Structures are given as structure tokens and as C-alpha cells.
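Quick note, the sequences are listed as chains A and B, same order. Under the working numbering, residues 1 to 313 are what the first sequence spells out, in order. Under the working numbering, residues 314 to 733 are what the second sequence spells out, in order.
Hint data in this document are derived by calculation from the structure and do not stem from the laboratory. Values in this document were obtained by computation on a predicted structure and should not be read as measured data. Glycine residues also receive a C-beta, built at the ideal position from the N, C-alpha and C atoms. Take the hints with a grain of salt, since some may be wrong.
[Stated by the list, open to error] Listing some non-contacts, in silico: residues in chain B with all C-beta distances to chain A over 10 Å:
id	residue
1	Asn473
2	Asp482
3	Asp522
4	Gln561
5	Thr590
6	Glu624
7	Thr654
8	Glu695
[Said to hold, decoys possible] Distance ranges between label pairs, derived from CB positions:
id	chain 1	residue 1	chain 2	residue 2	range
9	B	Gln403	A	Ala145	25 to 33 Å
10	B	Lys623	A	Leu300	55 to 63 Å
11	A	Thr131	B	Asn608	46 to 54 Å
12	A	Trp166	B	Ser515	48 to 56 Å
13	A	Ala127	B	Asp522	48 to 56 Å
14	B	Gly424	A	Val96	24 to 32 Å
15	A	Leu63	B	Leu584	27 to 35 Å
16	A	Pro174	B	Tyr664	54 to 62 Å
17	B	Ser480	A	Phe168	52 to 60 Å
18	A	Phe168	B	Asp405	42 to 50 Å
19	B	Ala613	A	Val96	35 to 43 Å
20	A	Ile171	B	Ser515	41 to 49 Å
[As the list claims (entries may be wrong)] Here are some of the chain A residues that sit facing chain B, going by a computed Cβ distance under 10 Å:
id	residue
21	Gln88
22	Ile155
23	Asn281
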Amino acid sequence: MDGHHRLTMTHTDLRTTPAGRVGATGGVSGALWRRPWLRGSLTLAPPLLWLGVIYLASLAVMLVTSLWSVNPLTNKVEATWTLANFQQIFTSTYLVIIARTIGMALLVTATTALVAFPLAYYMARVASKRTRNLLFTLIVLPLWASYIARVYAWIVILQQGGTLDWFFAKIGLPEPNIGYTNVAMWIVYSYIWLPYMVIPIFGALERIPPSYLEASADLGARGGTTLRRVILPMVLPGVAAGSIFTFSLTLGDFITPILVGGAGSSFIGNVIYSNIGVAGNLPFAAALAVVPIVIMIVYLVAANLAGASKEVS
Amino acid sequence: MRRSTHVIAATFAAAAALVLASCGSSGSGGTSSSGPASADSGSSQAADGGSSSSAPAAAPKPPTADEPLPTSIGDGEGELNLIAWEGYAQPDWVQPFEKDTGCTVNAKYAGSSNEMVSLMANGGGGQFDMVSASGDAGLRLIYSGDVKPVNVDLVPEWKNFYKFLQSPDFNTIDGKHYGVSYEFGPNVLLYNTDTFTAAPDSWSVLYSDQYKGKVTVPNNPIQIADAALYLSKSQPDLGITDPYELTQPQFDAAVNLLKQQRPLIKKYWDLASQEITLFQSNAVVVGAAWPYQTNTLVAAKAPVADTIPKEGATGWADTWMLASKAPHPNCAYKYLQWATTPTVQAQQAIYFGETPVNTKACAEMDKLAAGSCSQYHADAPESYFETIKFWKTPLAQCGDGSADCVTYTAWQSAWTDITG
Numbered sequence: 001m002d003g004h005h006r007l008t009m010t011h012t013d014l015r016t017t018p019a020g021r022v023g024a025t026g027g028v029s030g031a032l033w034r035r036p037w038l039r040g041s042l043t044l045a046p047p048l049l050w051l052g053v054i055y056l057a058s059l060a061v062m063l064v065t066s067l068w069s070v071n072p073l074t075n076k077v078e079a080t081w082t083l084a085n086f087q088q089i090f091t092s093t094y095l096v097i098i099a100r101t102i103g104m105a106l107l108v109t110a111t112t113a114l115v116a117f118p119l120a121y122y123m124a125r126v127a128s129k130r131t132r133n134l135l136f137t138l139i140v141l142p143l144w145a146s147y148i149a150r151v152y153a154w155i156v157i158l159q160q161g162g163t164l165d166w167f168f169a170k171i172g173l174p175e176p177n178i179g180y181t182n183v184a185m186w187i188v189y190s191y192i193w194l195p196y197m198v199i200p201i202f203g204a205l206e207r208i209p210p211s212y213l214e215a216s217a218d219l220g221a222r223g224g225t226t227l228r229r230v231i232l233p234m235v236l237p238g239v240a241a242g243s244i245f246t247f248s249l250t251l252g253d254f255i256t257p258i259l260v261g262g263a264g265s266s267f268i269g270n271v272i273y274s275n276i277g278v279a280g281n282l283p284f285a286a287a288l289a290v291v292p293i294v295i296m297i298v299y300l301v302a303a304n305l306a307g308a309s310k311e312v313s
Numbered sequence: 314m315r316r317s318t319h320v321i322a323a324t325f326a327a328a329a330a331l332v333l334a335s336c337g338s339s340g341s342g343g344t345s346s347s348g349p350a351s352a353d354s355g356s357s358q359a360a361d362g363g364s365s366s367s368a369p370a371a372a373p374k375p376p377t378a379d380e381p382l383p384t385s386i387g388d389g390e391g392e393l394n395l396i397a398w399e400g401y402a403q404p405d406w407v408q409p410f411e412k413d414t415g416c417t418v419n420a421k422y423a424g425s426s427n428e429m430v431s432l433m434a435n436g437g438g439g440q441f442d443m444v445s446a447s448g449d450a451g452l453r454l455i456y457s458g459d460v461k462p463v464n465v466d467l468v469p470e471w472k473n474f475y476k477f478l479q480s481p482d483f484n485t486i487d488g489k490h491y492g493v494s495y496e497f498g499p500n501v502l503l504y505n506t507d508t509f510t511a512a513p514d515s516w517s518v519l520y521s522d523q524y525k526g527k528v529t530v531p532n533n534p535i536q537i538a539d540a541a542l543y544l545s546k547s548q549p550d551l552g553i554t555d556p557y558e559l560t561q562p563q564f565d566a567a568v569n570l571l572k573q574q575r576p577l578i579k580k581y582w583d584l585a586s587q588e589i590t591l592f593q594s595n596a597v598v599v600g601a602a603w604p605y606q607t608n609t610l611v612a613a614k615a616p617v618a619d620t621i622p623k624e625g626a627t628g629w630a631d632t633w634m635l636a637s638k639a640p641h642p643n644c645a646y647k648y649l650q651w652a653t654t655p656t657v658q659a660q661q662a663i664y665f666g667e668t669p670v671n672t673k674a675c676a677e678m679d680k681l682a683a684g685s686c687s688q689y690h691a692d693a694p695e696s697y698f699e700t701i702k703f704w705k706t707p708l709a710q711c712g713d714g715s716a717d718c719v720t721y722t723a724w725q726s727a728w729t730d731i732t733g
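Use the sequences and the hints to build the structure in full.
Have a look at this one:
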């Protein structure tokens with residue numbers, strides 16, 4: 001009790017008589033106290049250094065590289081400026097791959113949102129505390145297993161003669177046989193990124209005061225109207241926040257296309273990967289890497305307009 | 314409380330996303346960090362077909378061509394750092410070597426030729442001593458100066474090699490040996506014996522509508538060479554003599570063939586295990602493969618067999634190459650001597666399912682596993698191996714001295730176009 005009291009006192013003292021207290025302690029902390037700007041700079045320096053030097057500088061280097069070329073003979077990267085890499089991106093080969101990647105990212109985002117909403121709604125508003133905790137654990141649990149292991153599990157399910165085909169055969173339906181197709185990729189992505197959608201939507205749903213729903217009902221709105229006009233607008237920021245995860249994670253992935261994709265399943269990431277690793281054409285890979293950056297900037301602006309930043313902050 | 318739950322939930326999601334994002338980028342980051350190095354070191358070829366015309370006709374001289382050769386092997390340095398294919402530094406033969414020479418072997422396994430080139434950037438970086446490079450990486454390593462010539466006189470077993478692998482053009486230039494051949498094998502036509510009652514005699518089955526959706530081929534630009542090899546026989550008027558040295562019209566013909574093939578493909582496989590799964594589940598019935606897949610599938614009692622069709626086959630041949638900045642050259646030479654002995658050659662061949670370069674290894678193989686010598690063609694006449702066109706890096710310089718051939722970078726973008 002005494003300790004608590006003294007702590008409170010110190011706080012009060014600091015607030016009321018800063019100069020006197022600090023003068024007494026003196027030294028570094030005193031100097032910091034007298035110069036709030038210094039305190040601020042020191043606190044911000046490590047993250048700013050990280051962001052500026054490690055993150056932004058490497059991005060800048062990549063952008064510069066994308067304007068360079070490769071010497072045809074020695075294959076060394078040469079600092080001759082050219083837009084050829086970007087021109088090459090705007091050919092049908094790469095436009096198809098970019099469109100496929102964006103399309104899949106959007107599709108997966110929509111799917112996870114549709115699946116996540118009822119689940120999150122149940123957890124936030126219907127389930128008992130105990131069930132909610134259990135569901136929460138179950139949703140988060142797969143994240144503890146390796147991404148690769150979970151993708152491989154889906155290969156076993158989806159491949160020809162796999163669990164899915166077996167099940168369809170048992171109930172007398174034709175075998176879907178969707179292993180190694182874009183449909184398989186869609187299913188796998190929707191499964192893998194689902195937790196990232198459920199959690200923000202759950203957060204948004206949980207924050208809707210019950211009184212709003214009661215008020216809506218009191219004013220004569222039926223369930224559907226309440227859902228449409230009260231719940232959905234308030235959940236939208238959560239969906240937007242979740243979609244940032246699902247969209248960007250799908251956009252940048254290149255492992256699932258290798259493992260469960262078929263012919264014609266390459267993503268932007270796969271082309272970047274093979275241009276770096278196989279062909280050693282770093283400038284073109286860098287130019288191609290600009291594409292997802294631009295897409296993400298556009299997407300983040302859009303998500304921001306939908307209120308995602310409110311949700312994350 | 315609500316607020317704090319929400320904050321926790323959001324924080325968790327963000328943290329988890331960060332972890333995943335960083336995992337993702339460590340995968341790609343790992344590649345990209347080695348990427349610049351590989352590009353710097355000249356891992357392969359030019360921007361695109363168009364710019365190759367600016368290349369001079371004569372092949373450049375490898376940067377390390379004039380490095381002096383050792384005339385004797387000194388005392389071991391106590392360590393040896395290898396970049397190897399998985400299965401190439403097994404305890405069976407590495408442990409006796411370590412005991413014998415006092416050179417502790419540290420092996421780093423690479424999953425692809427390109428990873429090897431990346432790791433070997435800057436002459437092995439003063440860290441690695443040798444790399445078990447396949448032919449498609451060999452010229453890249455040589456012309457970027459990452460490997461240096463070796464004195465084959467210090468490797469006594471070299472004279473027992475198959476003649477065609479003593480100085481093959483993927484590791485020997487102007488009489489200088491940038492390494493010592495190790496093991497090799499063909500890329501075979503793998504087929505389901507329930508579907509094919511007799512072995513198909515032509516690669517045409519991979520391009521035939523008959524097996525639509527039941528075909529698999531490797532996801533590798535070097536696959537263009539397989540199409541070129543097939544065309545060299547089926548369309549002789551194209552004038553293809555070397556499937557790795559293609560002029561633009563020849564290259565276009567091969568790419569066209571592969572584009573027609575794409576609707577037939579179930580999956581372009583990236584890993585040998587994927588092809589094995591595809592055949593086991595009957596998702597495919599025919600495909601291009603390595604003998605490794607055949608052996609694994611046959612061991613699992615799958616109804617498959619493989620063959621080399623009448624057009625011949627492409628193949629790989631691995632070379633132990635010496636890094637230009639090798640920190641332990643004496644241990645490296647001692648390992649070259651050891652790895653080329655008939656016993657090690659036989660052990661390696663049986664372990665991996667390939668053919669030893671040392672002609673004396675056949676008897677050793679049969680001692681280790683009866684019948685393995687002929688199973689892996691270690692007793693075949695040289696004429697058999699003439700049907701195999703070994704992987705080499707496609708360069709702008711054609712064999713005839715002109716510089717009109719399509720470079721590997723163009724192979725890569727064409728492959729993206731085909732499979733994308």
C-alpha cells in the first residue's frame with residue numbers, strides 16, 4: 001500500500017514541479033527531461049533507422065536496379081539506364097500473369113470475408129465466453145503449423161484419388177479431380193489466410209454496442225435491415241483491415257503456385273523468382289517487383305478510404 | 314475491456330502477419346540477396362534475344378584461364394567446404410575420406426543449378442572450395458570467373474574416365490579443365506505400363522493429344538532443349554544440330570511446339586517428389602523424368618518404366634569444380650582424387666541412380682548391388698552415351714563461331730511465356 005502511494009506521489013510531483021524534481025535527479029534523465037525534442041528523437045531513432053536505411057534504402061536500390069540492364073556477354077548488371085524492363089512487363093505474357101495474381105488475390109479476399117463473417121459474428125455475439133475462447137484457439141492454432149505442411153495436406157486432399165475424390169465417389173458423385181488447378185490454389189489460399197480475416201472482423205463486431213442493435217430493433221428494423229444498415233457499416237473497417245492481409249499475402253506468394261498450381265498457375269512472385277534464380281536477370285526481376293508495390297499502394301489507399309486505418313489504429 | 318480485446322486481436326493479427334510476411338520474404342529475400350550476386354557474377358545470359366546481336370562472335374576468354382596450376386598437392390588444410398547436390402556428400406564415402414586426410418568435410422546442399430551459381434558468386438566468396446555443378450551451370454561459373462582450372466594430372470583416375478567426359482565442352486575450354494567430371498545420367502521418358510503395353514519409341518507421346526491432361530514435364534527452361542532435340546529428328550529441315558545452340562528460327566519452332574504442348578500438361582513439376590506423386594495417383598501417365606523417379610516408383614511397386622526414345626535424350630553431367638577463391642585447395646584436390654576412385658564412384662552411382670564417369674566402377678557397382686552396373690548403364694558402350702545431349706548453358710556464341718544463338722535469358726522469358 002505504501003509503495004503504491006509513493007508511486008502516485010512521484011507522478012504527481014513530476015507533473016506539478018518538473019524542474020525541481022529533475023534538478024534533483026540530474027544527469028541524463030534530467031537532460032532528457034529538459035529537452036523533449038531530444039527524448040523524441042532518441043525514441044524514434046532506432047525505428048526510423050530501420051525503416052529508412054534497411055527498408056526504404058533497399059527498396060530504392062531495387063527501383064534503381066530495375067532501370068539498369070544486364071550485359072549480354074558477361075551477364076553482369078550494368079548501370080546503363082533503360083526502360084526496356086518495364087516495356088517488357090507490358091507484353092501479353094506478363095499482363096496475363098499479373099491479372100491472374102490480382103484476380104486470385106481479390107477472389108481469395110472475397111471468399112475469406114464471406115466465410116469469416118458468420119464465424120466471427122457467432123464468436124463475437126452468440127457464443128458463450130468459453131466457446132468463444134475455444135473457437136479463437138481453433139482459428140489461431142493452424143498458424144502454429146508450418147505453411148508448407150498445411151499446403152501439403154491440401155495436396156493430399158485435392159489430388160487425383162485423394163480424400164476429396166474418395167469422398168465424392170463414396171456419395172456417388174463424379175470425382176471433381178481439381179488437384180493442380182487454379183481452383184485448388186483458390187481453396188488453399190482461402191484456407192490458409194482465413195485467420196487473418198476472422199480476427200479483425202471479430203474485433204469490429206465485438207465493439208458494436210448491444211444498445212445499437214436494441215435501438216435498431218426498437219425502431220422496427222428486422223434482422224436483415226439491422227445487418228445491412230447497422231452491422232455491416234460498422235464491420236466494414238474490420239473487413240478492410242483483414243483484406244489487407246489476405247490480399248497482400250496472396251499477392252506476394254509464390255510457394256502455393258509451385259506446390260498446388262497446374263499448368264498456367266504462375267504468379268508474379270514465381271516469375272520474379274525464376275528471373276533471379278534461373279536467369280540471373282536481376283533488373284527485370286526488380287522491374288517486375290515494382291508491380292505488386294504499385295498494386296498495394298492503390299489497394300491500401302482504397303482500404304484506407306473504407307476505414308481500415310481506423311480499425312488497425 | 315472490449316477495446317483492449319480488440320487491440321489484442323488486431324495486434325495479434327498484425328504480428329502474425331508480420332511473422333508470415335517476414336517468413337515469406339526470407340524465402341524470397343534469401344533468393345534476392347543471392348540474386349544480385351548471381352547476376353554480378355554473370356550467372357547466365359543477356360537481357361533478351363534482341364540485345365544478343367551486340368555480342369562479339371568469339372567466345373570471351375574465361376577470367377581465370379591463366380591461373381597457374383599446382384604441380385603437386387600439399388598438406389591438407391583440415392577442412393573442405395562443398396556445395397553439392399543432396400546425396401552427393403554421404404557419410405559412406407565422406408567419413409573414410411575425413412579419416413584418411415584429416416580434412417573435415419562441410420557440405421551445403423543446393424536445390425538447383427541456379428542456387429549453386431548464386432552460392433558460388435565471387436569465386437565461392439573465399440568460403441566454398443568446390444561445387445558439384447551440372448552442365449547447365451558450368452559455363453556460367455567459368456565465364457564469370459568463379460571457378461579456376463584444375464590440373465587433371467593430379468587426379469590419377471581421370472584417365473579411366475569415359476573419353477567423352479574427360480574434356481567435355483561444358484567444363485573444358487581451350488584445353489583447360491575447369492573441374493573434373495563426376496557422375497551423369499539421361500533425362501528419360503517415364504510412362505505408365507498399364508497405359509503403354511510397349512515402351513513408346515518416340516518423345517512424340519509428350520506432344521500428342523492422345524494423352525491430354527496426363528502429361529508432366531519439368532518446370533525448367535532447359536526443357537526447351539528437349540523440344541529442340543525432338544524437332545532435330547522430326548523436322549530435320551530446321552537444321553538443329555545442338556539443342557542448346559539454337560538460332561532464332563530454330564528456337565521459335567521449339568517454343569511453338571511447347572506452346573502446343575501446354576494444354577496437354579497436367580503439371581510442370583518443380584520437385585522430383587511431385588512427379589512421383591503424380592504418377593502414383595495416376596494423375597499422369599507419361600512424362601519427362603530422371604532415373605531417380607523411376608527407381609523410387611518401381612521400388613514403391615508403381616506400374617511404371619522408363620525408356621530413351623529413338624530421338625535420344627538430354628541429360629545431366631556433374632562436374633566437381635574448384636572455386637577461384639578456394640580456401641582449402643589441397644583438401645579439394647585430395648577430394649577430387651578420392652571421389653573419382655571406382656569405389657566412391659560406384660557408391661555414388663547406386664545411391665543417386667546415375668552413371669559413374671570412371672569406367673572401372675562397373676565391377677565395384679555389381680559388388681555393392683548385383684546388376685546395378687547394367688541397370689545404370691555403367692557398362693554401356695560410348696555409342697549409347699552419344700545419344701545423350703548433356704545440359705550446357707545456352708550462350709549467344711554458337712558452335713560455328715557465330716553469335717546468333719539465343720541466350721539463356723531469352724530461354725527463361727520464353728519459358729515464362731509457355732508455362733505462365
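* Which of the numbered hints above does this structure break? -> 5, 12, 16
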